[in-house]
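**Student:** Now for the letters of each chain:
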Amino acid sequence: MNTTEIINSLISADPSLASQRDLLEKLIPELIASRPVAEITDSFRITLKQRLVEEQQSIVPASTGSKLRSTFIRYSAYGSACLALILITAGGAYFSRHNTTEPPTTPLSIHQVGDKAFGALSFSGSGSGKSTASSSGSMAINPNAADSTSVITPYPIWSSNPYTIAQPVIDSLPKSVEVFKQLPTSEGVAALFSTLLPTGNAMRNVTNYSLRTGDYLIQTDLTTGTISIESINQSIATPLIHSGATSSSDPAMPSFVTPSPTPISPISDEDALNIAAAFTQKIGIATGYFGTPEVIKPPTTAVEPLYYPMYSTTTVVYPLTISGLPVVDQSGTPVGITIQINPQDRTVSYANISTTFQFERSVYPVNAETFKKSVQSNNSNTYSLYDGAPTDTTTPTPITLKDPTLVLMLFTQNSSTTNQTESYLVPSYSFANPSQNSYPAKIVVPLPDLSQ
Amino acid sequence: MPQNQSELTDAELVHLHCTGDTSAFSELYERYAHPIFAYVMYRVSERTTAEDITSTVFMRALEHTKKYNPNRGSYGSWIYRIARNALIDHFRRNRTTANLDDFLDSLIDPGLSPAEHVVARERASAVHTALYSLSEIQREILLLRFWDDCSFTEIAKITGKSEAGCKMQLRRSLDTLRTHLPLATLILFLTTHTFQ
Chain F
508 MNTTEIINSL ISADPSLASQ RDLLEKLIPE LIASRPVAEI TDSFRITLKQ RLVEEQQSIV
568 PASTGSKLRS TFIRYSAYGS ACLALILITA GGAYFSRHNT TEPPTTPLSI HQVGDKAFGA
628 LSFSGSGSGK STASSSGSMA INPNAADSTS VITPYPIWSS NPYTIAQPVI DSLPKSVEVF
688 KQLPTSEGVA ALFSTLLPTG NAMRNVTNYS LRTGDYLIQT DLTTGTISIE SINQSIATPL
748 IHSGATSSSD PAMPSFVTPS PTPISPISDE DALNIAAAFT QKIGIATGYF GTPEVIKPPT
808 TAVEPLYYPM YSTTTVVYPL TISGLPVVDQ SGTPVGITIQ INPQDRTVSY ANISTTFQFE
868 RSVYPVNAET FKKSVQSNNS NTYSLYDGAP TDTTTPTPIT LKDPTLVLML FTQNSSTTNQ
928 TESYLVPSYS FANPSQNSYP AKIVVPLPDL SQ
Chain P
580 MPQNQSELTD AELVHLHCTG DTSAFSELYE RYAHPIFAYV MYRVSERTTA EDITSTVFMR
640 ALEHTKKYNP NRGSYGSWIY RIARNALIDH FRRNRTTANL DDFLDSLIDP GLSPAEHVVA
700 RERASAVHTA LYSLSEIQRE ILLLRFWDDC SFTEIAKITG KSEAGCKMQL RRSLDTLRTH
760 LPLATLILFL TTHTFQ
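Residue numbers (this note's numbering), protein chains in the order written: chain F, 508 to 959; chain P, 580 to 775.
If you are wondering where the hints come from, they were derived from the structure by calculation, not from laboratory data. Watch out, some of these pointers could steer you wrong.
[Said to hold, decoys possible] Each pair of labels, with its calculated beta carbon distance range:
id	chain 1	residue 1	chain 2	residue 2	range
1	P	E742	F	D549	43 to 53 Å
2	P	A743	F	N509	11 to 21 Å
3	F	N509	P	N648	24 to 34 Å
4	F	P522	P	K646	36 to 46 Å
5	F	E532	P	T732	41 to 51 Å
6	F	R853	P	E625	17 to 27 Å
7	F	D678	P	N650	22 to 32 Å
8	P	P693	F	I539	17 to 27 Å
9	F	E801	P	D728	25 to 35 Å
10	P	D728	F	N781	51 to 61 Å
11	F	I677	P	F670	45 to 55 Å
[Stated by the list, open to error] Quick look at which bits of chain P chain F covers, simulated, 3 or more residues with Cβ under 8 Å:
id	stretch
12	629–638
13	712–719
14	724–736
15	745–752
Quick reminder that beta carbons are idealized off the backbone N, C-alpha and C, glycines included.
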């Protein structure tokens, strides 16, 4: 901090201070030196960073969610080398029997590490303890799983409106649910990748590696078991289109956004599905593990006038289901093979394959009070920010959620204790947002209170 | 793909964030996590509260960064303004009196020796007394300038005052500290300087 500069600026504001320059030259450095210690702790800094990542996953457009996960993990300080070592020693060669070039005919299922047996999700109406689950199949409950998964907390829901939930829905909650923690092994990941990239793709036996093939860069992420495929011919994967302004002279237009020179006609669902199918065939991605592809488009009506730039992308998702339940991310978007199509040139700009391999299960009680709390966002989340003082708070209209769907939420985080990336499948209720003008389109609420 | 983002400006990072580069906000967070935490910590009574408010600030920043308009000021002043609003909101909701002892202890480097701690505690107490002799806006401007290291331009953006007005308020703050609180001021400035 330049003391002379400060003093000069003060004197310029009040020339009479010139006679007290000597005093100021003593006083101001001492005042600066008296600044107290207010160091942020590493634990808080890292925890908040992780929360922000999870929050980004819930607010970014669907097609970028999985990309976010792998991008951030690369960016964050957690060492993948250390994780790889752990993965290598973890054992488990289940996927070796799936190491085939033939697309499978049956969907992926959860199995437990210990006995390699398949199992199905089950919901217990009576069990309540973390080690007293009644589960189907022959699987036993891992007695250590409770400690390793207790760090999960339901993420906050941010919206301009609070959500409410009908009591019958709360009454219908199961008393306990099984949460699955992913325990990847290097062999399992390699087998998974080779299974999903079966048709002569050079990546099929490679993990944690990047490969350029044609116009695309394929990357695998050992920590999350994801494969990303990115077009290298587009400097920006998704074109930016301002939602309202039409020229750079519009005061609402940020300087870095270039208006689209020509209107981009929307892509039809049929065209999107055809483009996606051609892409998977070209790259050599086995889609047999996944469900019928569906087209996801951005909710244009939900865009606020100043909420720019908007992503005008069309995404095709081949959904992943486990034991009959759809797997979604925290924004409620289906997880699986996500293919993002640039409507401007009608090519695939980005694809991501997110799937699951080995999971260990444990059982948690459901806490209805926490469930309600996580649905009802509090007032601190609801006032307009940019130009508004806190007094600008308006009373938002509650949105009543109805008819939830049971899903498995794929939740990825870095463990605060081990610094390892951990993935979980958390049974959750997914509510469609009945308000067309409110974001997000779906509200996903984890059933168990894992913070207890 | 990830770039050497540490070399990018805030505005460039915001641009990247808006184009879908999700690591860009992480870089912004790394730049402002400590300054914002310190800004909040200087003004609230305990670390836990400061952490809660800091979390709120960055959650709001994440939610609204795409609304940030670089033509209306720096990203730094924008996020400080969010923090200021969060603090006002906090004080409005929590009118309980903070425990001064806890507050002073929380501001002292825990690595100090017992003797150093006593001195630092006295100094912190004097600083606290002196600062709270100022009006709210005077204290805010003084802390922003000397402890948060904000420029007058940034202070003006954060507080909504004119730049000249901020300078004048700061000048009055210094005058108050010097003329109306001689004892506290003497302690504050370590009693080693002569005030004339």
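**Student:** So, for every hint listed, does it hold in this structure?
**Tutor:** Now the hints, each set against the structure:
no.	hint	verdict
1	P:E742 x F:D549: 43 to 53 Å	violated (36 Å)
2	P:A743 x F:N509: 11 to 21 Å	holds (19 Å)
3	F:N509 x P:N648: 24 to 34 Å	holds (29 Å)
4	F:P522 x P:K646: 36 to 46 Å	holds (41 Å)
5	F:E532 x P:T732: 41 to 51 Å	violated (23 Å)
6	F:R853 x P:E625: 17 to 27 Å	violated (56 Å)
7	F:D678 x P:N650: 22 to 32 Å	violated (52 Å)
8	P:P693 x F:I539: 17 to 27 Å	holds (26 Å)
9	F:E801 x P:D728: 25 to 35 Å	violated (51 Å)
10	P:D728 x F:N781: 51 to 61 Å	holds (57 Å)
11	F:I677 x P:F670: 45 to 55 Å	violated (35 Å)
12	629–638	holds (count 7)
13	712–719	violated (count 0)
14	724–736	holds (count 5)
15	745–752	holds (count 4)
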